[in-house]
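J.: Chain order of the listed sequences is A and B. Quick note: the first sequence uses numbering that gives the first Met the number 0, first residue 0, plus one each step. Quick note: the second sequence uses numbering that gives the first Met the number 0, first residue 0, plus one each step.
Be a bit skeptical, because a hint or two may be false.
Where chain B lies over chain A, by a calculated footprint (3+ residues, C-beta under 8 angstroms) [to be verified]:
1) 100–107
2) 194–207
3) 284–295
Which stretches of chain B does chain A cover? Using the computed rule of at least three CB atoms under 8 angstroms from a CB of chain A, they are [as the list claims (entries may be wrong)]:
4) 97–105
5) 135–145
6) 285–296
Here are the computed lysine-lysine pairs in the BS3-like style, where the Cα-Cα straight-line distance is at most 30 angstroms [stated by the list, open to error]:
7) A:LYS67 to A:LYS84
8) B:LYS47 to A:LYS75
9) B:LYS50 to B:LYS146
10) A:LYS125 to A:LYS80
11) B:LYS278 to A:LYS206
12) B:LYS93 to A:LYS75
13) A:LYS197 to B:LYS50
14) A:LYS80 to A:LYS69
15) B:LYS126 to B:LYS209
16) A:LYS125 to B:LYS146
17) B:LYS99 to B:LYS126
18) B:LYS22 to B:LYS93
19) B:LYS93 to B:LYS57
20) B:LYS180 to A:LYS197
21) A:LYS182 to A:LYS197
22) B:LYS417 to A:LYS80
23) A:LYS208 to B:LYS95
24) A:LYS182 to A:LYS206
25) A:LYS84 to B:LYS47
26) A:LYS80 to B:LYS47
27) B:LYS162 to B:LYS209
28) A:LYS69 to B:LYS424
29) A:LYS206 to B:LYS209
30) B:LYS126 to B:LYS146
31) B:LYS180 to B:LYS95
32) B:LYS373 to B:LYS417
33) B:LYS180 to B:LYS278
34) A:LYS130 to B:LYS173
35) B:LYS399 to B:LYS417
36) B:LYS162 to A:LYS197
Because the hints were derived from the structure by calculation, they are not lab data. Even for Gly, the Cβ is constructed at its ideal location relative to N, Cα and C.
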Amino acid sequence: MGLFDRLKSGLGKTRGGFYGKIGNLLTGRRIDEDLFDELEEALIEADMGIATAMALMDALRERVASEKIKNSEALKEALAKEIEKILVKGENPLTVAEGVLTVLLVTGVNGVGKTTTIGKLAARYKNAGKKVILCAADTFRAAAAEQLTLWAERTGVDIVKHGEGADPGAVVFDGIQAAKSRKADILLIDTAGRLQNKSNLMAELGKIKRILNRELPATPVEALLVLDASTGQNAISQAHAFAEIVDLTGIILTKIDGTAKGGIIVGIIDEMALPVYFIGVGEGVEDLQDFNAASFGAALFATEEQNDSKEA
Amino acid sequence: MAVFGSLATKLQETFRKLRGKGKLSESDINEAMREIRLALLEADVNFKVVKGFISAVKERALGVEVLESLTPGQQVVKIVNDELVALLGSTESKIKIAPKPPTVIMLCGLQGAGKTTTVGKLGLYFKGQGRRPLLAACDLQRPAAIKQLQVVGDSIGLPVFAKSVDSTPLAVAKEGLAQAKQNGNDILIVDTAGRLHIDENLMDELRQMKAALNPDEILLVVDAMTGQDAVNVAQSFHESLDITGLIMTKLDGDARGGAALSVKSVTGCPIKFVGMGEKSDALEVFYPERMASRILGMGDMLTLIEKAQSAYDEKQTKAMEERLMKAEFTLEDFYEQMQGMKKMGSMQDLINMLPGVGVNKALKNATIDETLMKKTEAIIQSMTPQERRSNSILNGSRKKRIAAGSGTTVQDINKLLKQFEQTKKMMKQLGGMAKGKKGNLNLPGGFPGF
C-alpha cells in the first residue's frame with residue numbers, strides 16, 4: 000500500500016464516523032436551527048469540545064447570514080472552510096537542519112504511544128539517511144527500555160540506556176554525550192508517561208529540559224507532545240501543562256486509525272497555535288504521516304458511500 | 000482546572016436564581032439542565048448518553064417538592080446526582096470466582112489503556128486475598144510486552160506464563176490455563192494485546208481465546224481520559240465478547256472521567272475497579288458517588304447537600320421557620336440550630352465544602368473558632384429553660400450564676416446576648432422579606448449568627 004493510500008485508509012475510518020456523518024447530515028437539508036443543533040452535536044461527538052463547537056457554529060451562522068447561504072451544499076463548504084482555517088494554523092512540517100544535531104524530546108501522558116512513535120520516527124529519519132540515536136529516558140515503566148531497544152534493532156539505529164529505576168536525567172546526559180561524540184543528526188529521547196497533574200513527575204521532565212538547554216545551548220530542541228486521538232477534553236489540560244514545563248514546539252496525534260475523531264486537536268491548534276507535526280495511523284513502522292490540513296479538512300466531508308468504497 | 004472552576008461558578012449562579020421557590024418549575028429545571036448538560040459534555044460523557052440522561056432527569060425533577068432543608072438549586076443537583084449515581088452502578092468489585100479453580104480473568108482494551116499494569120494490580124489484589132494467581136502474557140504484538148509483564152510479575156512475586164513472540168496468543172492462553180491447573184494456581188489473569196475495536200481479525204482472535212478459555216470474567220480496560228469515542232469502543236468489545244465488567248484506569252489524573260458513564264450506559268456492565276496510579280497496589284474499588292461528583296465537577300457541594308439533608312429534621316425546620324418569621328426566635332432555638340450544625344461536621348469543613356469558596360480567599364482563610372462555639376453552647380446549657388426562652392429576664396445575679404456554671408465570664412455572656420439580639424433583628428428583617436413569598440428560608444444557607 001502506498002503512503003497516500005495508507006493515509007486515506009487511516010483517515011477513511013475517521014471519516015466514516017464523524018466526517019461521513021457530517022456529509023450525510025448536510026445532504027439535501029433545509030438550513031434551520033435543527034440542522035445547526037445537529038451539526039453542533041456532530042462536532043461535539045468528534046471531541047472538539049463545547050467551546051470550539053460553539054465558536055464554529057457562531058462563525059457558521061454569521062457566514063450564513065452575510066453570504067446568504069441557502070442550500071446545505073454551500074453550508075457544508077462554509078463549515079469546511081471554517082475548520083480548515085483553524086487546521087491550517089497547525090500545518091507546519093517538522094524540518095530538521097542539515098549537518099547539525101536536532102533533539103526530539105518526546106513527552107506525553109501514559110499510554111498515548113510515545114515509544115511506538117519514536118520507533119516510527121527512527122525509521123523515518125534513518126531512511127532519510129540521518130544518523131539517529133535513541134535515548135531511553137523512560138526508566139520507570141517496566142521493560143520500557145527493552146521496548147525501545149527492540150525498536151532500535153528493528154530500525155537499525157543506536158540506543159543509549161541505563162537500568163530500570165535509573166535517573167532519567169543521567170540517561171539524557173549520556174544520550175547527549177553519545178550524540179555529540181558520534182556526530183548524530185537526530186537524538187530521539189523517550190520519556191516516561193506522566194499524568195500532567197503529578198507535579199513531581201512534571202518537575203523531573205523539567206529537569207530533563209534544563210539538562211538539554213545547559214548541555215546543548217545552541218542545538219535546536221523540539222519538545223513534542225504525543226496526544227492520543229481518542230482522548231477527550233483532558234487533552235487541552237495536557238497540552239497546557241506540558242507546554243508550561245518543556246515549552247512544547249509541536250504535537251503528534253496518534254491512533255487516528257480508530258473510530259475516535261481526534262477533534263480535540265482543532266481546539267488545541269486554535270488556542271495554542273502549535274503545529275501538528277505528525278499523525279499516527281497504525282502500528283506499523285511506516286504508519287506515521289505528515290499532518291496535512293487540506294486533506295484532513297477535505298476528508299471531513301466525504302460521504303458515507305465514498306468512505307465505504309475507500310475502506311473496502 | 001480553570002474550566003471546571005468556572006463551570007461550578009456558573010452552576011451556582013444558575014442556582015442562585017432558583018432560590019426561594021416551593022416547587023421545581025419547568026423553567027427552573029430547563030435552565031439548570033442547560034448547565035448540567037454542559038458539565039457532562041465537558042466531562043466527556045457521550046452526547047447521546049447526555050441527551051438520554053437529561054431527559055430522564057427532567058422528567059423526574061418536574062414538580063418535585065423542594066425539601067425544606069435544600070434550596071431549589073441544591074434540589075436539582077441532588078436529583079441529577081442521585082440519577083447519576085444510580086446509573087453508574089454499585090460498589091461492586093466482586094470478581095466471580097469459579098466453583099472449580101482456576102478462575103479465568105481476561106483483560107482486553109485499546110492500546111495504551113493500561114492492561115498490562117492492571118494485570119499486575121489484579122494479581123497483587125488476589126495475592127493479598129491469599130490466592131495464587133498466574134499471569135499469562137498473551138500480548139505478542141507490542142515489543143517487549145512480555146518482558147514488561149515478567150518484570151511486573153517479579154516485582155509483586157507472582158509467576159508469569161510466557162512463550163516467545165513467534166507463538167500465538169491462543170496457544171499461550173491455552174498452555175497458560177493448563178499450567179495453572181497443573182501448578183494449582185486458583186486464578187489465571189490473561190493479558191492481551193491492545194487492539195482497535197474495528198480490527199476484525201484481532202477481535203476474532205479474542206473471540207477464539209474466549210472460546211478456548213471460557214473465562215469467568217472478561218474485563219474491558221478503559222482509559223478515564225477517553226472522549227466521545229468510549230461508547231463505540233465499549234459497544235464493539237461488548238458485542239464481540241460479552242464483557243462482564245469494566246476497569247477505569249488513570250483516574251489519578253485530572254480528567255473528569257465522563258467515559259465511565261458512557262461505557263456503563265452502553266454495556267450495562269459494572270465498573271469493578273479503578274486504577275489510581277502506576278504502582279501495583281494502586282487499584283481501588285469503584286465508588287459511584289465519588290465518580291458522580293467528579294463528573295459533575297461540583298466540588299463537595301453534593302456532600303454538603305447530603306449532610307444538610309440528613310442532619311435536619313424537616314418538621315423542626317418548618318417550626319423554626321415560622322418562629323423566625325414572627326421573631327419569636329429564642330436562645331433555645333439558637334441552641335437547637337447549633338446542635339443541628341454540629342451533626343454536619345465542623346464549621347471549617349462545612350465552609351470548605353461550599354463550592355465557590357475555593358475562589359473566595361476571605362472565606363477560605365476565615366478560621367472558625369470552634370472553641371467559641373463550645374463556649375456559647377456551655378453558656379446556653381447553664382441557663383434554665385425559662386431563661387433560654389426569654390433572655391430578657393437575665394439580670395446580674397442570673398448572669399453570675401450562669402458564668403460560674405459554664406466556666407465563662409459575665410462579659411462572655413453579655414457578648415453572646417448582644418450577638419444573639421443582632422441575629423434576631425437580622426432574622427426579623429429576613430423574615431419580613433420572605434413573608435411575601437411562599438416557601439422556606441433556605442436553611443442551611445441562613446443559619447442565624449453565622
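J.: For the pair supplied as a hint, B:LYS93 and A:LYS75, is the alpha-carbon distance within the 30 angstroms limit?
T.: Not satisfied, since the Cα-Cα distance of roughly 50 angstroms exceeds 30 angstroms.
J.: Does the structure keep B:LYS93 and B:LYS57 at a Cα separation of 30 angstroms or less?
T.: The hint is violated at about 33 angstroms.
J.: Regarding the pair B:LYS373 and B:LYS417, is the alpha-carbon distance no greater than 30 angstroms?
T.: holds (17 angstroms)
J.: Is the straight-line distance between the alpha-carbon of A:LYS125 and that of B:LYS146 30 angstroms or less?
T.: Given that 30 angstroms is the threshold and the Cα spacing comes to 26 angstroms, the pair holds.
J.: Is the listed coverage of the segment 135–145 of chain B by chain A valid when you require three or more residues with a beta carbon under 8 angstroms from a beta carbon of that chain?
T.: n = 5 at 8 angstroms, threshold three: holds.
J.: Taking a Cβ-to-Cβ distance below 8 angstroms as contact, does the segment 97–105 of chain B have at least three residues touching chain A?
T.: Coverage by chain A is violated here, the residue count being 0 at a Cβ distance below 8 angstroms.
J.: Are the Cα positions of A:LYS69 and B:LYS424 separated by 30 angstroms at most?
T.: At roughly 65 angstroms apart (the allowed maximum being 30 angstroms), B:LYS424 and A:LYS69 break the hint.
J.: Does B:LYS278 pair with A:LYS206 here, judged by a C-alpha cut-off of 30 angstroms?
T.: holds (23 angstroms)
J.: Are B:LYS50 and B:LYS146 close enough, with their CA atoms no more than 30 angstroms apart?
T.: Violated, because 44 angstroms separates the two Cα atoms, which is more than 30 angstroms.
J.: Keeping to a limit of 30 angstroms between CA atoms, is the pair of A:LYS182 and A:LYS197 held or broken?
T.: violated (35 angstroms)
J.: Holds or violated: A:LYS80 with B:LYS47, Cα cutoff 30 angstroms?
T.: Roughly 27 angstroms separates the two Cα atoms, so the pair holds.
J.: Check whether the Cα positions of A:LYS206 and B:LYS209 lie no farther apart than 30 angstroms.
T.: At roughly 46 angstroms apart (the allowed maximum being 30 angstroms), B:LYS209 and A:LYS206 break the hint.
Checked against the numbered hints listed earlier, the structure breaks hints 1, 3, 4, 6, 9, 10, 12, 13, 18, 19, 20, 21, 22, 23, 28, 29, 34 and 36; every other hint is satisfied.
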